[in-house]
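Top line first, the protein sequences correspond to chains W and L.
The first sequence: position 138 = 138 (the working numbering), numbered continuously.
The second sequence: position 211 = 211 (the working numbering), numbered continuously.
It cannot be assumed that every hint is accurate.
[Said to hold, decoys possible] What the simulated footprint calls covered on chain W by chain L, stretch by stretch (three residues with Cβ under 8 Å from a Cβ of chain L suffice, anywhere in the stretch; the number is not a length): (1) 85-91; (2) 108-118; (3) 124-130.
FYI, nobody ran anything at the bench for these hints, they're computed from the structure.
Glycine is no exception: its CB is placed at the ideal position from the N, C-alpha and C atoms.
Residue-level listing of the chains:
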Amino acid sequence: MSASALETREGVEVRLEGLHREFSGVRALDGLDLTLRPGELVALLGPSGCGKTTALRLVAGLDDPDSGRVVVGDRDVTHVPANRRDMGMVFQAYSLFPHLTAQQNVEFGLKLRRVDRSKRAGRARQMLELVGLASQADRFASQLSGGQQQRVALARALAIQPAVLLLDEPLSALDAKVRAQLRDEIRRVQLEVGTTTLFVTHDQEEALSISDRVGVMNQGRLEQLAPPEELYTAPSTAFVAAFVGLMNRIPCRVEAGRASVLGATVRVTDRSVTSGEGIAMVRPEQLVVEASDAGSAEVLQVSFLGSVTHVRVRTADGHELLSQANGAEAARLTVHTPVRVRLVADQLLVSSD
Amino acid sequence: MTLPRQRRARRQRAFRIVTFVVLGAFFLIPLVSMVDFSTRGTAGSGRTGEAWGALLHDPELTAAIITSLELAALTVIGMVLLLVPTMVWVRLRVQWAARMVEFLCLLPLTIPALVIVVGIAPVYAWVTYFLGGSALTLTFAYVVLVLPYAFRSLDAGLSAIDLTTLSEAARSLGAGWFTVIARVVVPNIVSALLSAAFISVALVLGEFTFASLLHYDNLQVVIAFFGKSNAKVSVSASLAALIFGFVLLLLLSLLGRGRKGRRTTAIEPLAVTTPAGKEVKG
Ligand SMILES: Nc1ncnc2c1ncn2[C@@H]1O[C@H](COP(=O)(O)OP(=O)(O)OP(=O)(O)O)[C@@H](O)[C@H]1O
Ligand SMILES: [Mg+2]
């Protein structure tokens, strides 16, 4: 199916401004600001309970904020009820209407919009084709696998050509393989229809692999919003650094904007710690482990993961570090081998705690 | 190994047959006696359909039958209109009120009908004042009367579906609350609705206390009246009401099976592949 055959619609900008939402004393959202550019796919990532679902429900109109605004295009939709917001949503729980077939499910929203019968059927067919399920159109939800149900749910959400597409962990109930396949499919479909999309997940790989930008949330606030590679290589806060990917936390001394870590001196990117004690954030791939009789560290564990090898070592001062190497060479290290650990980085993030 | 199993199977079959015969006799003998009595000729011999003919021809009785059927229909409509939106709303928006609503709905079960009538009589003076003296005003009392049974049935039906997700999905697709209830909730609780409706109909057709004490002529009141003057007509009317109830029950179970059939036949290919499924079927 080519993009030209689909009736697409210009993506719109979506702004979340200072959203607050409190549930009987729990601050689910504590001033969330987030702007999605037209046609962009933004993933919201964060630990459990940080308010991702709450944020999505506020955008969808399924819940009301205590304060703050939701703006779509130039329209303030904060007080518009969910059924007039023109947003497609895919839920974490299976949400197909059990009494309708896949085709009828996809047609549901079109029917409410009084699209005439033949046009409706055609469009539903097209959407099912888009998600690769045209052959299952007459099946009921109970006759479809979990992955298929979520695909129909996606087709159903897209059929109404929503201004915004909202996805709340649509893949979390599926097994790893189907998940990876379906997330790529979601991205393909999203690029094809060009709808501004907010994708909530707590799976980093999912977030990093398919989105234009990733927003990391913590305790009801946005910590950083950046393209995936920037988020990984240049996290702006210690929380983001620790949350995205694996991270070693190594105590260090900072003087005049330079930190001494494992015998090397590197520039500090964060301005918050300019001198004194701090904790350097070091990625496993920034540490190189070499067998050396003079080395003061000791190998604790070697895990060969195929394309990479993880080596866990303990330094002389008792710290455990994780190193990642590409070659198979590191896999030949054995436990208790004395090794030297070298830092390969020209700048580091240093956190104060 | 096979011997005890066979013996057990045989014993089970015997038990089943005995139960069936005893219970069947228990239910059928009174019914057959009713048929016998209501068709007995005037001289004590021969058969006559007079008493049954009266169901259609006696103006008082036909009027009462029509009133009771109308009451049954109105009660079902009233019950559905009152309960379904309320229960959906309570589940989605005001969970804290769930206990209270359940308590209120089950309350009529714990209070004897007689007591309710005594309490409700003054209210009915006003109902009569505003809506006239038609027996159909009994609908209000009957909706209250059937609440506990209808509530139980609908509660089970609503618990069986993921109401929150389904309604949120429908809303995000553009459905208002009315559409959510009519197009999404109701089609998915059809069996529960049918059984709530059936039990309401059965209750209304058999109701005597309210109607009698509030001085309305419904089927049971007229049957009781005939019981004093023309016992045969009274018995034929009672039997007709019972049979009507049976037919409704039968229709209900057929409908229920029909719906289930649609779902399960479709899943069958899956069930066959699992050995466990085969064993259960065999
Ligand atoms: N309806 C509610 N009533 C009470 N508390 C709620 C409600 N919804 C969310 N919360 C609370 O608000 C906080 C944020 O919840 P939310 O569901 O947004 O988290 P999340 O980021 O989606 O987490 P997860 O990854 O586990 O889905 C949590 O502490 C949660 O307990
Ligand atoms: Mg969530």
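Each hint, compared with the structure:
1. Note: the region 85-91 of chain W has 6 residues with beta-carbon separation from chain L under 8 Å; the three-residue rule is met and the coverage holds.
2. Coverage of a stretch by a chain is defined here by at least three residues with a beta carbon nearer than 8 Å to that chain's beta carbons; for the region 108-118 of chain W and chain L the count is 4, and the condition holds.
3. Counting residues of the region 124-130 of chain W whose C-beta lies closer than 8 Å to any C-beta of chain L gives 0; at least three are required, and the coverage claim is violated.
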